[in-house]
Amino acid sequence: MRVDADNLSLASSGHMLVRDVSFTVASGEFFGIIGPNGSGKTSLISMLCGLRKPRTGTVSLDGEPLAGLARRALARRLALVEQQADTSERMTARQAVELGRTPYLGLSSPWSGLDDAIVDAAMGNVGMAHLSGRQWHTLSGGERQRLHIARALAQAPKVLVLDEPTNHLDIGHQIGLLDLVRHLDLTVIAALHDLNHAAMFCDRIAVMKAGRLVALGRPAEVLTTRLIRDVFDVEAVVDAAEGGTCSIRFAPARRMAAE
Amino acid sequence: MKHSRIRLAAGAALGALAALLLALWFGAAIGETAIPFDVVAKTAANRLFGASYPLAAIDEGIVWSYRLSRVVVAACCGAALSLSGVVLQSLLRNPLADPYVLGISAGASTGAVSVAILGLGGGMIGLPLGAFAGAVIAFVLVSLLALRAGRGSAAIILAGVAGSQLFHALTSFVVTKAANAEQARGIMFWLLGNLSGVRWPDVTLALPVALVGLVICLAQARALDAFAFGKESAASLGIPVRRVMVILIATTAMMTAVMVSLVGSIGFVGLVIPHATRMLVGVRHGVLLPAAAIVGAIFMIAADVLSRILVPGQVLPIGVVTALFGAPAFALIMSQRRASL
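Taken in order, these protein sequences are the chains called L and U. Quick note: the first sequence uses my numbering, first residue 1, plus one each step. Quick note: the second sequence uses my numbering, first residue 1, plus one each step.
This is chain U alone, in the form it adopts within the complex (with noise of 0.2 Å):
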């Protein structure tokens, strides 16, 4: 029998792993030129491995520099932003508990705006680490506030919500302030979430960022199924919860930060994700953190790719596509729950 569930559970990960793969394989394929899929896979095998198929330049060109580093980082994006959903949803004990929820897109948003119109930092600091920064100071604000408020969970929600709308408030003041109408344009795309601009440097930080953040909230993952009762019961489990809050919390507001500093702030998918990924797979950590992390990864690069055709000869912002999807998902889960309580 136990042989059978490892078996199991063998088999669940290859077959995520397929749907994964094949995901970035479609994701690279379509487009507003679509490229057959032998040629994708041709390129691929010609640039990681070596091999020497021949194909048209341009072909192997967008497929190179354009579409895989794309999807790429689109699958890094939305594992990264699931995982966090994830994590916090648990750690803080609140269904609603997501990156953007809680003001850490917000707050990531002001900061990139900083560093890319205000040029705060004088040109030494990138807009990634502006957007971290921002990230953590949104962070620390909202748990202040929420700590101020009475610690329960309804209060790091109503922290959350203020802390985003200032952020938010201040984007827009610097944006209208500095941007001339160019920039504006280009930024208020940008916060609602881009891929166009996307290339392969781009890959080698987010797929190291989403690769950790996966590694060290699955070091957590019995940590996490501890806090199933809250805090105090964790902490009589002999789960180190200060300990596990700042290093989870830290790891998220860090993956986040990145994710949002490459593709602008992308609402839904750290929100959803999760829920329907439980649903799927259950509440142990140990399976629910990679599960989501494949789901959401599959799921934006179908945002990304609908994104691209929805309306044909423009690209819509990526944001509004996990919206479209998410907010109506995220409605029947949320009835689903309460029916089944």
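Here chain L stands alone, though its shape is the one from the complex (with noise of 0.2 Å):
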């Protein structure tokens, strides 16, 4: 499914947040969204998801406009994975995976073995089904992030937005995590922390600045040093790698000084 976003901008408070923000993120695409602290990264993608209405422009599916959705057919078409949703009821991993099912269920639909199958699909997809009875409370990070996928799987959606999915986890959840929605069959928008990884993951990039988008592409056409500098003030060496993708190396500015 083909994601549009059209002019987009917030304002809160007096305080624009997001300006004039355009892209199209084609189907089946593993789009990536950067910038540092407070740049709007947030903010865009609670437009994206139909959480928050922006104050110009328009987000759309495939063409049809969000503001037409109701947020019920929305949830069938587009599924949310939060920086750290967390919750202190005493529920099973399986039941958070069910959640994913809520905008499919109603009276005259209660809840079936079509519903079943889909959870515990969602939940081996996610390499999670051993662990469906377990408390949430005990389980790591890293696992309930990957819960949070399961869930949002479970919406059987075509567009999935991660916001900053792989934050507080360690480096090897973290390369899990996002190597598992990389082979998703599904348009991807990830607002994303790490370079390195929004370079090894994702086909294009759009790196935010208060607000505003500076740059838009592949990530070596991206991911330059004085990018890099202009926006997140600090120094790094970019070193391309195959298939147009790059890894980088930061330092601080001293030492790139003396090399």
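If you are wondering where the hints come from, they were derived from the structure by calculation, not from laboratory data. Predicted, not measured: the structure shown is a model, and the values here were computed from it. A portion of the hints provided could be inaccurate.
Rough simulated footprint, nothing fancy, chain L against chain U, three-plus residues with beta-carbon under 8 Å [as the list claims (entries may be wrong)]:
| # | segment |
| --- | --- |
| 1 | 180–194 |
| 2 | 224–233 |
| 3 | 237–250 |
The calculated DSS-like cross-link candidates involving lysine-lysine, where the alpha carbons are at most 25 Å apart (straight line), are [what the hints assert, rightly or not]:
| # | chain 1 | residue 1 | chain 2 | residue 2 |
| --- | --- | --- | --- | --- |
| 4 | L | K53 | L | K209 |
| 5 | U | K42 | L | K53 |
| 6 | U | K42 | L | K158 |
| 7 | L | K53 | L | K158 |
Note that the Cβ used here is the ideal one computed from N, Cα and C, for glycine as well.
Dock chain one against chain two, each of which comes alone in its own frame, and use the hints as you go.
Next comes the structure, spelled out in structure tokens:
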């Protein structure tokens, strides 16, 4: 499913959070959004998910504007994985994933065997089937985040949106999680913190700075020493790698000057 | 496997209803003058199903006019307060939320007292309407304060504490300023929860409110499930968050207001019963809501019976009994939660 963002702006108490952002995410693409803290990534994500109404502009899925879609209909097409959504409820891993079926259930469509099958498949997909009976609060951060992805998959969406999904995970879980997402047959939009992860996994990257979209393209085109200095205010060496990707080494400004 | 699960659920539901009926039966039989169980059953049969068992008029009168109406209202009240507790705790994602902590009960008391003692509304509005208005005003104030304080779940509890204190102070102010000694004593007793004045007309208010409240909450059971990971998560699961919150909070405010106007503000039921029920049946609201309603109803009937027999020859305010048992139970539940985290 294609996602179009057209001229999106968002303001909160007189402060512009996002200004005139436009892009198109192709069906099946892994689209990364990077930028420093406060650059408007999360605001942009929340507009793409229909959680916040843009002040101007529209988001559309395959040409259909989000504003015209009912919440339930939207939840069947697009699923969101938040940074660190947690609960104090004493629920099992499987119960958390079962929530993903919410947009399909109602008085006339109660829980059925099909829902069970979809939940089982989603848990298997993220490698969590063996932990389905475990209590949520006994699981690690990486396991919880996998379950959030399974919950999103249980929504049977066409688009998966992730807001810094790897925060607070160790490096093994970070790579594992992104690799898992990469291999899903979905359009993925992910706000990412780590530039190397963005370079490794994204087809294209959008770079945000102070609410504006300042660069958009394939990782090797976008992630240059100059852009990283401009946007993130750090010195870096970018090494080109195969397939249009690249890897980035950071260094303190002083040492770079000496090299 | 599916059939056995359905049979199990049906069995549990029947068992719970039977327990509720048993509690109602006990509640009507036990009191200052103990009345044999068969007399209670025969009275109910006479009055409800037109049977004609010969009974002593005085026994039948006590059971029908005083005891049965009283236990039914106690049950409705326990059910409504527990439901409110479940809904508020899930919606606000805070284990401390209940109508009492959030100031709704305090506001209802102020509203009731303003009508009863100050004569607000010039006799045009009754005590229940006054309590309802007070509950709504208190909740709006607490919500606004919480929004200003930053929306978090701690903010709403702090705002609730502030609101409760304010409305308790207003209630005390009205009572000490305007009431004579006798009125003041009566109101103070009422504020701690008192079922002695309850008669059948109160049942015709309490029962529909509790049942309608249960149905409305049950209709939103899946939405409440979806709140487990917060508002944004619920919205991304297709829940119309604002509408659900307005409906459910209005429903809890209505239930609380009506119950407080009938029996005074009774604490700890809305706080403890939801936690205890979650430990029994889990977190799915489709099961949790009716279970909490029944457990709350039974708890309240038991508390009412205790309030009548704990001190011979004297009726304790029921709020005292619910707090005496509720506070230690809450402490126990909280420490268990901690241990398992």
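Going through the numbered hints above, which ones does this structure break? Give me the numbers in ascending order. 1, 5, 6
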